[in-house]
Each structure stands twice: as structure tokens, then as C-alpha cells.
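Given chain A, put chain B in place with the hints provided.
Number of protein chains: 2
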Amino acid sequence: MTGPRALVFDLQGTLVDFHAPVQRMGAAANAAKGLALDWPALSVRWRLLYRDAMDAVIAGRAPWRRVDRITRDALDALLDEAGCADAFTAAERDAMNAVWCRLDPWPDSVAGLQRLRRRFTLATLSNAGMAAAIAVVKPAALPFDAVLSAELAHLYKPAPAVYRLAVDFLDAAPHELMMVAAHAYDLRAAKAFGMRTAFVARPLEFGPDTPPPAMDDPAFDLAVRDLHELADRLER
Amino acid sequence: MTGPRALVFDLQGTLVDFHAPVQRMGAAANAAKGLALDWPALSVRWRLLYRDAMDAVIAGRAPWRRVDRITRDALDALLDEAGCADAFTAAERDAMNAVWCRLDPWPDSVAGLQRLRRRFTLATLSNAGMAAAIAVVKPAALPFDAVLSAELAHLYKPAPAVYRLAVDFLDAAPHELMMVAAHAYDLRAAKAFGMRTAFVARPLEFGPDTPPPAMDDPAFDLAVRDLHELADRLER
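Chains as they are written, first to last, in this note's numbering: chain A, 1 to 236; chain B, 1 to 236.
Treat the hints as calculated values from the structure; they're not laboratory data.
Computed from a predicted structure; not experimentally measured.
Be aware that a few hints might be false.
Treat identical chains as interchangeable: a pair holds within one or across any two.
Said to hold, decoys possible - In silico lysine to any residue, SDA-like type, Cα no more than 25 Å apart, as pairs:
| id | residue 1 | residue 2 |
| --- | --- | --- |
| 1 | K191 | A140 |
| 2 | K191 | D38 |
| 3 | K138 | G207 |
| 4 | K191 | D104 |
| 5 | K191 | P40 |
| 6 | K191 | H154 |
| 7 | K138 | Q114 |
| 8 | K33 | I58 |
| 9 | K33 | R118 |
| 10 | K33 | A90 |
| 11 | K138 | T2 |
Same shape as in the complex, but just chain A (with noise of 0.2 Å):
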């Protein structure tokens, strides 16, 4: 059997660290507002609220809305329930919900796509926006050959029809291509669809004080702890 043809990343916590340029933001806002706000919790809400809200457009119980309107909606509804709903104008609001679009590579991310880069066509498969994903891309300086998203599909992953976006636009079979990500949910799906999967673990996604979820299915192609060490096993 020959190796993958292209390789798909997810973006969020698997290429970029969230954690971090969220408490970086929530930190502001408490300073700003005089507030004590605890954005190591209410990040977490966040995401499981706008997760929810990914879940029912892929249910069908909710029409296709880009994800950054989907993490401003939640993003409302997660300062109502943390009582401070008049702290803050919808312009500021606007700008924290943009935290998602300025996110930090891992320290691996940069060099280790370079490397695979040389041997595999590379494109994200995000559930971010097209241009959200273009908007984290740039500035980390992630050199991707292309940059694919769910919202290509109006749908989220892990809706098959997101995984036949990379099929369709890079021209290979299932088995042709290679998902990576930090998240089992992700390549379980890809598997489930056919395609290689790697696991690469970012026991920080969760910030240093939050170990992430255990792996309960090991059984994925790949298991590494970064993109250096994927990069060496795909080099075999």
C-alpha cells in the first residue's frame, strides 16, 4: 500500500492553539470592564454553545450559518448566563468574537507543514469560514497549498459531505487522503469515510490546567505527538 497523496489538518487546537489568545482577550475584557469574568470556564462553555449550534445544522434542526455568526450568538448567550449582559456593546462584542481569527501556531506548526509540504499536497479542512480559515492562516505563516472549509459544503464536520469537499477538490479517492487532527470526533469521521487518519496530540488545547479528552479510540493509522513525528513516519 502507498502512502497518502494529500494531507487534511484541522485548524483549531490541532494547528493553533485557541487557549491562549482566548484568556489573552478575556483578560483584556475584565480589565477593561472591571471584571472578573473566568475565561478559562467560559471558554470552554463557549465551545461546547456554539458546538451545539454546529450540531443542529448538521441535524437539520438549524439553517447553514457561517461560524463566526454562529461564536457571536454564543457569545451572547454565554455573557447573559454569566450575568453580564449590559458590560458590553455589540461592537465590543464583535471584536472578542474575532479572537477566533487570530490564533498562535503551535511551536511544530510552521516547520513541520513545511517539511510535508515538500512530499504531499497540503490543505486545511476547517469548520471555520473560508475567509476566517484564510484570516489564521496568513499571518501564522501556515503554508498550505490550499484552504478548504466546511463552509464549501454548508455543512460541519463531522457531516460526511465536509470530508468529500477534499475528495472533490483534490482530486483523490478516500484512501488517497490523510486527515490529521487533534480531535477523535474529527477522524473518526474521516475513517468512517474512507480516509487515513492521524492523530497528533495537543495536550495544551485545553490550556495547561485542563488535560485534554482521553483518546478513547486508539484506532486510528497514526498516533503522534507532533508534526515533526508525522513527518518522520510518513518519511519511512
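Chain B in isolation, oriented as in the chain A frame:
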């Protein structure tokens, strides 16, 4: 008035040369089959045939098909017209058709895009399919932030829906975008859509013996000799 935020580029003819690769392919085909086909003339005819098929899609007279399938059918028609329908197998024609994915960057393309990318978001906006556009961009090492293709609209330039892809996926208003192309029809449509326009002269587009069509519409924002001049003008 501030400058554009993002530049979108036509690919074939504007950033890459198709004339020389098609002539190389044709010379090899002639040699393999002992033929004396006039490939400079055939390549002009090939483009006319497949442009007609794309226009039929835009006009709604034909369903959308990926452009590589359109060029493949046009090659069949071309070889029929040339009276050598029996000379090439289907597999040989597939290989000949793949020439549209192996195009040579113009000498200024890579360095010019590198300069422009420091300041602007750069995307393709090509009539090639996504996979074909990626296949052209990657080996030519054209430094783009995103690959956008008319395939995402299931239409072809100059249909307005193709230009709208840049608005939607780069999250910019039309006037914040500049279309860069060597073809007046493309720039006229971009201008009608509200985008800024930059004409790049490519006098060798149809080979050293065929002058390019005269510029019948000088009403573009910029007209430059190459991408270095474009970068110079936009840096002012």
C-alpha cells in the same frame, strides 16, 4: 481612497504560460505518431472550442461540467477536425489533456507574488477546477493565500457569480478587491461587479509569432508590464 485589501488573479495566461507547454506536448505527440500537426494553430483552436463550451454553461445551454472534462471533449473535436481521430487512444488523449495542469510560471510570477503577498491577501480566481488550479500552483510554487476557482460557483468567468466567490470567501467588499488578469473580458466583468482591475500585459501568451489581442478597453485602474510593476504601483 485606500488601496485594495486583497488581490485575485487569473491563472492561465496571466501567471502561467500555456503556449510553450502545449507546443511541447504537441511536438512529442507528433514525434510519437509520425504526424505533422500544426500545434500552434491547433492550440488556438482548442482554446476557442473549450471557451465556447464554457460560454454554453454560462448561458444555461449546457449543465456545469469541470473544465478538464470540457477541454478533454474539445480535444476529441480538435483531433476529429484535424483528421487524425484514429491516431490517439483515449488514454493518450487523457495524457495530452493533462497539459493544462503543467503550466510554466512567467519569469516574474513567483517573485512578484511574493512581494505582493507581504501586503495583500492573494487568491487565484481561475476557470480551472479546484484540483487543476492546485495542480498548477503547487509545482510552479506560486505563493497564494487561497485557491479559489469558478468550480465553487459551478459557472465560469465572466459570470458575476464567480467574482462573488472572492467577496464571500475573502470577506471583502467588491471595491476592496482587485482583479489581476491579462484578459480584458475578465477585467471588464470584474469592473462591472465593482472590483478594481489591473491589466498585466502578456505579449507572449499566444507564442512568439502571434501578437496578443489589442487592448480595446483601457479603462482599468492599472495597466502594467509585469507583477513587479504592479507591486511598485500598489506600494506608492
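Taking the hints in turn, this is what the structure says about them:
1. K191 x A140: Neither, since 28 Å and 32 Å both go past 25 Å.
2. K191 x D38: neither (37 Å within a copy, 50 Å between copies)
3. K138 x G207: within (24 Å within a copy, 36 Å between copies)
4. K191 x D104: Cα proximity of K191 and D104: none, with 28 Å in one copy and 37 Å across.
5. K191 x P40: For K191 and P40, the Cα distance exceeds 25 Å both inside one copy (32 Å) and across copies (48 Å).
6. K191 x H154: within (21 Å within a copy, 29 Å between copies)
7. K138 x Q114: Both: 14 Å inside a chain and 13 Å across chains, each within 25 Å.
8. K33 x I58: The answer is neither: 37 Å in one copy and 54 Å across copies each exceed 25 Å.
9. K33 x R118: Neither way: K33 and R118 sit 48 Å apart in one copy and 36 Å across, limit 25 Å.
10. K33 x A90: within (14 Å within a copy, 70 Å between copies)
11. K138 x T2: between (32 Å within a copy, 21 Å between copies)
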